[in-house]
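The chain contents come next:
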Amino acid sequence: MVANIKRIFQLWGIYAKLDLLWFLRDTKYCVAAIVSDIVTNLSALAGVFLLAERFGNIGGMSSDQVLFMLGYACVVDGVILMFFSMNNVAWISRLIGRGQLEHRVTQPVPLWMQLLTEGFIPVSGNSMLLCGLGITWYALSRLATSVGSLWVLSFLFSVGCSVAIILSFSYIFGSIAFYAQVAGEEISTTAIGLFGALKTFPIGGLSLAAKTVLCTIVPVGLAAWFPANVLLGQAPQSLPQALLLIMTITLALAAATMFRKGMKHYATRGSIRYSARGHRR
Amino acid sequence: MPHVAQLDTVRADIAVSLNSVTKEYVQWQRSGKMKDVLRNLVNPEKKVVSALNDVSLTVNKGEFVAYAGANGAGKSTTIKILSGILQPTRGEVSVLGLRPEQSRVELMKRIGVVFGQRTELWWDQPVAVSFEWKKVVWGVPEEVYQRQLAIVTELLDLGDLLSTFARELSLGQRMRADLGLMLLHDPELIFLDEPTLGLDVLAKRQMIEFLKRINREQGTTIVVTSHDMDDLEEMAQRIVLLSHGQIAFDGSFNQLRELTGSLCRVRLTFLGDVQALPCGNLLSVTRTTSEYEFDTAVTPVKEVLAEIAKLDGVVDIEIRKAPIEQIVAELYTRWKR
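As you go down the protein sequences, you meet chains A and B in turn.
Going left to right, the first sequence walks through residues 4 to 284 as our numbering numbers them.
Going left to right, the second sequence walks through residues 330 to 666 as our numbering numbers them.
Hints in this document: simulated from the structure, not taken from any laboratory.
Don't be surprised by glycine CBs; every beta carbon is placed ideally from N, CA and C.
Hints may contain errors.
[As the list claims (entries may be wrong)] Sample of chain B residues lacking proximity to chain A, with all beta carbon distances greater than 10 Å (derived):
no., residue
1, 362
2, 393
3, 409
4, 412
5, 413
6, 418
7, 447
8, 468
9, 476
10, 491
11, 495
12, 537
13, 548
14, 587
15, 637
16, 662
[What the hints assert, rightly or not] Once the Cα atoms are required to be at most 25 Å apart in a straight line, the calculated DMTMM-like pairs of lysine to aspartate or glutamate come out as:
no., chain 1, residue 1, chain 2, residue 2
17, A, 9, B, 472
18, A, 264, B, 497
19, A, 267, B, 430
20, A, 31, B, 353
21, A, 20, B, 449
22, A, 9, B, 374
23, A, 20, B, 430
24, B, 464, A, 22
25, A, 264, B, 472
26, A, 20, B, 497
27, A, 264, B, 435
28, A, 20, B, 471
29, A, 20, B, 453
30, A, 9, B, 353
31, A, 267, B, 353
32, A, 267, B, 489
33, A, 264, B, 374
34, A, 267, B, 449
35, A, 267, B, 546
36, A, 267, B, 383
37, B, 533, B, 497
38, A, 264, B, 421
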């Protein structure tokens with residue numbers, strides 16, 4: 004256990020170094036990356052504030068509460084981008100569909116550990132997370148929520164659960180690429196895109212059936228709406244408070260099972276194609 | 330227990346062991362006709378293809394083995410099974426005493442794999458950074474890393490490449506860098522799948538010399554696949570030829586030559602017009618040169634030389650063995666029939 008944790012930090016260390024070197028490899032690239040990040044994040048911020056204004060008082064949430072929910076959603080996206088975006092780790096169907104898992108199985112590292120560490124880009128991939136934290140902090144400063152250490156822990160735990168849910172969803176659908184490499188190559192993009200499109204809606208005003216569907220079968224509500232409301236002390240009455248944890252465990256187990264089955268299929272059938280695209284940055 | 334001790338010694342000398350290994354793939358069959366569309370949806374026709382069919386093979390430590398065969402013969406499948414990427418349908422596989430599917434992580438620390446068409450280098454980083462990445466991911470001890478780095482830098486002439494971005498390397502340079510990367514953890518056994526593919530003459534020569542040297546000096550066991558038989562003959566002491574998923578030949582290159590008879594070629598250069606040689610098959614002819622092929626088992630060299638001596642105006646004679654490419658091509662054709 005201790006050895007594994009030490010190894011994870013060792014691997015995060017080398018990937019952080021690679022990212023820093025990549026980011027600073029050329030003045031023009033570096034400046035261009037910073038400028039494009041600023042433009043992207045400013046537009047994202049503008050979008051967030053406009054949405055908060057538009058969705059204020061919809062679904063039982065005030066503008067500031069919606070702003071908090073959107074900040075939470077940005078933090079979740081930021082964690083995914085910072086920890087799992089390099090080499091398409093979050094978009095697993097790309098790795099499978101392009102036959103690139105073979106590069107992973109020739110490394111003397113357990114596959115789960117590779118997938119946990121390989122996507123880490125703390126330098127070039129931190130902007131969304133920083134924006135999200137900024138929005139969350141701003142929204143909290145306008146809300147009466149008391150923020151103590153326990154609340155911060157709950158926040159971190161909820162973000163971890165939401166990230167795990169999105170990744171599990173991506174891996175569940177992404178595992179289809181084991182069986183249809185070409186057709187399934189971009190299925191994880193679609194799965195993650197579903198969260199991008201729907202997770203920022205305050206769904207409190209919908210019927211119980213709709214809310215249940217959006218928090219279980221298509222769990223977009225668990226990526227921001229449900230945990231944000233729990234953290235704000237107004238947990239949806241109609242849904243169990245432990246829903247986030249229950250769904251995280253359920254989806255993570257389902258993803259692990261599907262992925263493991265897919266890997267067995269991969270080891271039996273092999274890959275029908277190989278594409279170097281996106282393999283190494 | 331002398332018997333057991335001896336058995337252990339024998340096992341310790343084995344780098345690779347395939348025991349009755351079969352690898353089958355399922356191929357979906359489609360007629361491409363509209364009338365079959367419904368049948369394909371309900372009850373698709375499938376065909377089982379054997380990439381490897383009951384293959385048994387042993388490679389001892391320190392050997393340099395060429396693993397060859399026509400397209401689709403099962404070469405890459407074997408390398409993938411040995412590297413733990415694929416699992417065999419039936420049979421037992423042992424690499425350095427480990428079962429690849431069970432001990433992948435442990436095995437990968439002791440072997441090296443290079444697929445000629447793929448790179449492990451970080452595209453947008455200098456080669457030295459990829460090397461450092463390898464050191465951390467493979468957990469290579471500092472002294473081993475420094476020693477191997479010095480060796481590969483010198484032998485593969487990587488000095489100038491270490492600070493160059495991988496994306497800016499030529500194919501030959503990239504292959505050299507990939508080979509260097511693969512050797513940084515000092516693997517006991519390496520698998521190379523088509524390492525000379527696409528390389529120019531100089532790059533190929535550098536690679537062949539390097540592989541021969543690490544096999545000779547460090548005792549590294551090497552299993553290499555290639556379509557280029559001349560390259561393989563220059564590198565390896567032993568050749569295993571696959572045909573239709575089975576080992577069709579396993580022995581030395583000289584033994585392989587004997588399979589198709591002892592073919593030789595003689596090239597004659599005349600002062601004036603060419604004259605016909607009564608023995609042997611004419612392969613090519615120009616105004617002043619001609620090339621014949623003959624089987625020394627049927628027509629001894631002495632006899633051929635006697636016939637040449639009878640010809641007028643011969644100013645140059647060149648006798649050599651038939652290229653291994655031709656021998657193998659002939660065998661592939663025979664096996665196809």
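| query | Tell me, which hint numbers fail for this structure? | reply | Failing hints, ascending: 3, 4, 5, 6, 7, 8, 11, 18, 20, 22, 23, 25, 30, 32 and 35.
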